[in-house]
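Number of protein chains: 2
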Amino acid sequence: MSSSVVTAGLVVIGDEILSGRTKDVNIATTAQFCTDLAIELREVRIVSDDTDAIIEAVNALRARCTYVFTTGGIGPTHDDITADAIAKAFGVDLPINEEARAMLEARWAETGTPATPARLRMARIPVGADLIVNAVSAAPGFRIGNVHVMAGVPKIMQAMLESIAPTLEGGRKVESRTVPAAVGEGAVGDPLGEIQSRYDDVKIGSYPQMGNTHVMTYLVLRSHDIERLEQATAEVQVLVDRLHAEKNIVLPKEPYV
Amino acid sequence: MSSSVVTAGLVVIGDEILSGRTKDVNIATTAQFCTDLAIELREVRIVSDDTDAIIEAVNALRARCTYVFTTGGIGPTHDDITADAIAKAFGVDLPINEEARAMLEARWAETGTPATPARLRMARIPVGADLIVNAVSAAPGFRIGNVHVMAGVPKIMQAMLESIAPTLEGGRKVESRTVPAAVGEGAVGDPLGEIQSRYDDVKIGSYPQMGNTHVMTYLVLRSHDIERLEQATAEVQVLVDRLHAEKNIVLPKEPYV
Chain A
1 MSSSVVTAGL VVIGDEILSG RTKDVNIATT AQFCTDLAIE LREVRIVSDD
51 TDAIIEAVNA LRARCTYVFT TGGIGPTHDD ITADAIAKAF GVDLPINEEA
101 RAMLEARWAE TGTPATPARL RMARIPVGAD LIVNAVSAAP GFRIGNVHVM
151 AGVPKIMQAM LESIAPTLEG GRKVESRTVP AAVGEGAVGD PLGEIQSRYD
201 DVKIGSYPQM GNTHVMTYLV LRSHDIERLE QATAEVQVLV DRLHAEKNIV
251 LPKEPYV
Chain B
1 MSSSVVTAGL VVIGDEILSG RTKDVNIATT AQFCTDLAIE LREVRIVSDD
51 TDAIIEAVNA LRARCTYVFT TGGIGPTHDD ITADAIAKAF GVDLPINEEA
101 RAMLEARWAE TGTPATPARL RMARIPVGAD LIVNAVSAAP GFRIGNVHVM
151 AGVPKIMQAM LESIAPTLEG GRKVESRTVP AAVGEGAVGD PLGEIQSRYD
201 DVKIGSYPQM GNTHVMTYLV LRSHDIERLE QATAEVQVLV DRLHAEKNIV
251 LPKEPYV
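Which chain is which? The protein sequence lines are A and B, in order. Taking the numbering used here, the leading residue of the first sequence gets 1, the next gets one more, and so forth. Taking the numbering used here, the leading residue of the second sequence gets 1, the next gets one more, and so forth.
For the record, the hints were derived by calculation from the structure and aren't laboratory data. A couple of the hints might just be wrong.
Copies of the same chain are indistinguishable here, so a pair counts whether it falls within one copy or spans any two.
25 Å max Cα-Cα, derived SDA-like pairs, lysine to any residue [unchecked claim]:
(1) K173 with M210
(2) K173 with R222
(3) K155 with D225
(4) K23 with E40
(5) K173 with K247
(6) K88 with H214
(7) K203 with W108
(8) K247 with E98
(9) K23 with R222
(10) K23 with R198
(11) K203 with D36
(12) K88 with R64
(13) K247 with T51
(14) K173 with R228
(15) K203 with V133
(16) K155 with T29
(17) K155 with R228
(18) K247 with R228
(19) K23 with A234
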């Protein structure tokens with residue numbers, strides 16, 4: 001376990017997400033993956049199938065984050081240009097990688113699939129990159145520098161994340177506590193801000209949900225420092241208990257997530 | 001109907017999305033909204049509740065897109081800093097807006113809600129901005145320049161999008177056609193790339209789905225030019241029919257979306 005903050009950026013590549021045709025699920029998967037590894041996901045960008053757009057996003061995020069993940073655009077068709085863009089971003093060539101070719105050809109041999117030029121596109125890997133092998137697809141992703149290039153198909157993306165997890169260094173574990181309040185954000189805003197002002201090592205978020213019968217506001221506290229987290233949570237709980245008492249609100253006792 | 005291309009960028013603001021605690025739905029809503037209005041959504045960025053991060057994303061996108069939309073961070077709590085960041089990005093002050101205050105106070109009067117400093121934060125609007133009034137919440141969003149600042153709560157966000165729709169100029173309508181192919185991307189990659197090379201006014205995308213029994217690849221063609229679109233679609237259909245015939249595949253006749 002490291003004591004430093006480890007950060008990540010995610011670049012989601014694909015016109016189909018931006019047009020609304022496909023609903024992305026890789027963002028939520030990656031967010032949870034990072035949280036589980038105590039990596040702080042700092043920024044996500046969704047860009048179109050455009051070489052310059054991909055290069056700009058990857059270069060911006062790889063300069064400021066410990067890790068960058070990309071999803072999408074590594075298949076065999078003409079609109080799969082992620083490998084080309086990454087090679088260009090790093091200023092390296094993009095030859096057929098013999099290890100990747102061997103993996104693909106072994107799979108193709110099993111199924112009697114011919115090795116067409118389009119399929120061989122998937123064996124093009126930037127010089128200096130390591131392959132990201134996965135259990136679902138024979139087509140590998142790759143890692144170059146701090147950038148991890150992965151598939152857009154969710155099942156394959158998840159298999160690739162699991163494959164790279166042991167190679168990533170996690171940060172200090174962030175713990176969180178949630179205090180549910182059956183009042184609107186306006187009712188807690190001022191006193192919550194006052195508590196936040198005394199705890200700069202605890203990040204307090206306020207997330208309202210409009211239910212069908214009443215509003216709920218979930219107050220989420222997050223910190224590396226468990227002792228300070230418990231102190232701040234106790235203060236927030238006192239505040240919420242007071243607000244509930246003022247309005248004669250008694251919440252059910254089941255656990256909240 | 002305009003003949004030019006109208007573009008948009010979306011900035012989603014919120015630590016809760018990046019931590020995986022909340023699954024975003026506003027991206028898909030905005031993508032569909034833009035497609036319906038013939039606006040091309042060019043890029044999406046998800047940033048944390050951090051003033052500099054918000055300013056950087058908004059300034060980058062407002063310089064290159066016809067419209068920018070933001071969601072999140074306009075509530076009454078200390079972590080709602082979007083209005084502050086937008087005012088800073090435009091170099092203007094952020095006073096209490098009397099029209100916004102009147103709207104909020106009218107709602108508060110109905111419910112006997114006191115006008116606390118936290119609640120009044122929601123009436124702070126950058127100088128020069130117009131309010132975005134909506135049917136669900138009394139707290140308005142606002143438009144300044146080409147930037148539309150909206151709520152993160154999905155129901156309110158959707159009401160605000162509906163409220164601004166009549167004020168937006170749409171682009172030339174893009175039509176799309178989908179040709180389903182019961183083969184993998186590798187089988188269509190080369191001939192599809194050849195067709196694409198002869199139609200630079202038609203954008204052809206290839207979207208594989210891993211089903212439980214067999215793979216499907218949806219070939220989606222998009223263009224402003226309906227005649228060229230139909231020509232390219234007919235060529236892709238001939239290609240897919242040939243691939244299906246080679247493998248004795250007969251797809252069911254129900255319509256695909």
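* Looking at the structure, which of the earlier hints fail to hold? -> 1, 3, 5, 6, 7, 8, 10, 13, 15, 17, 18 and 19
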